[in-house]
Amino acid sequence: MTAELASIIDFIRYGASRFSAAGLTFGHSHDNPIDEATHLVLASLHLPPDIPPAYGAGKLTREERERVLALIERRVSERLPVAYLVGETWFAGLKFKSDRRALVPRSPIAELIESGFTPWLDHRHVERALDLCTGSGCIGIAMAEYNPSWHVDIVDISDEALSLARENIVFQHVEGRVEAVKSDLFNGLKGRRYDLIVSNPPYVTEDEYAALPGEYSHEPKLGLTSGEDGLDICVRMLDEAADYLTEDGLLIVEVGESEHALAALLPEVPFVWIEFKVGAMGVFALERRDLIEHAEAIRAAAKARRA
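So the sequence shown is numbered by our numbering: it starts at 1 and just counts up by one.
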């Protein structure tokens with residue numbers, strides 16, 4: 001049957017049909033089978049995602065056909081994310097290396113980066129920024145790419161994630177402006193201060209993790225889970241961040257579905273929940289002065305988790 005497939009568009013259509021029929025889950029950069037199949041086919045052919053439509057009629061060689069079909073079957077049978085199958089994905093309009101050492105890059109924070117963090121940074125001077133819990137390095141590296149005057153530190157506790165992040169630093173040619181640091185949150189950053197701290201930390205609850213589709217089992221659990229309510233790392237971050245922000249510093253953190261649990265845990269803290277093009281996505285902004293004003297409540301919440 002597949003012998004009838006010839007062009008790029010044929011294989012994209014075939015892949016999308018196979019993915020739909022197999023009931024795959026789409027949540028790693030794409031939310032539908034057509035975009036997923038397009039990523040797989042174009043990346044396996046070493047073509048960019050924005051090639052003109054006319055190229056869709058291009059015919060594949062026998063070797064290319066065999067490679068694409070094998071990847072489609074692996075996506076179905078092994079439930080591997082496409083980014084891991086082809087070794088690359090896109091974030092904030094930039095291509096990054098991707099493999100099992102870190103989560104597949106995905107975050108609404110990409111929209112903030114592309115928009116210059118407006119209005120949050122419209123009247124704020126930034127020299128140093130921090131990407132905490134960086135994983136593949138995508139957020140911090142993208143911030144540096146879009147803001148050539150910034151120096152960005154990217155931090156993770158995982159040696160494997162940092163090895164991938166360092167490869168992406170070289171891949172994006174930002175060696176002079178991005179530094180990868182191994183640290184358990186802020187522990188390895190003593191004496192450093194940042195005008196902007198951005199983080200997409202683990203925030204999946206244990207119950208949510210147990211119910212995740214098979215695609216997520218290929219990603220490191222360390223990058224996904226954060227206690228019973230998904231907030232263990234976030235609360236630690238809130239408790240410590242003020243000491244690493246400059247006087248007018250800003251903290252932006254993604255907590256996803258744990259948004260409601262965080263608002264209930266710290267109702268007095270004035271989290272500003274950011275609206276994206278698709279609506280609310282569980283990302284808050286918080287000023288350093290708010291962290292200081294509500295330090296007592298935050299510290300009590302953090303202490304209760306350590307007890």
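Source of the hints: derived by calculation from the structure; they are not laboratory data.
Any given hint might turn out to be false.
[Claimed, not checked] Derived pair list, reagent style DSSO-like, types lysine-lysine, alpha-carbon separation capped at 27 Å:
(1) LYS277 - LYS182
(2) LYS221 - LYS95
(3) LYS277 - LYS95
(4) LYS95 - LYS59
(5) LYS190 - LYS95
(6) LYS190 - LYS303
(7) LYS182 - LYS59
(8) LYS303 - LYS277
**Report entry** Those earlier numbered hints the structure runs against, lowest number first
**Finding:** 1, 5, 7 and 8
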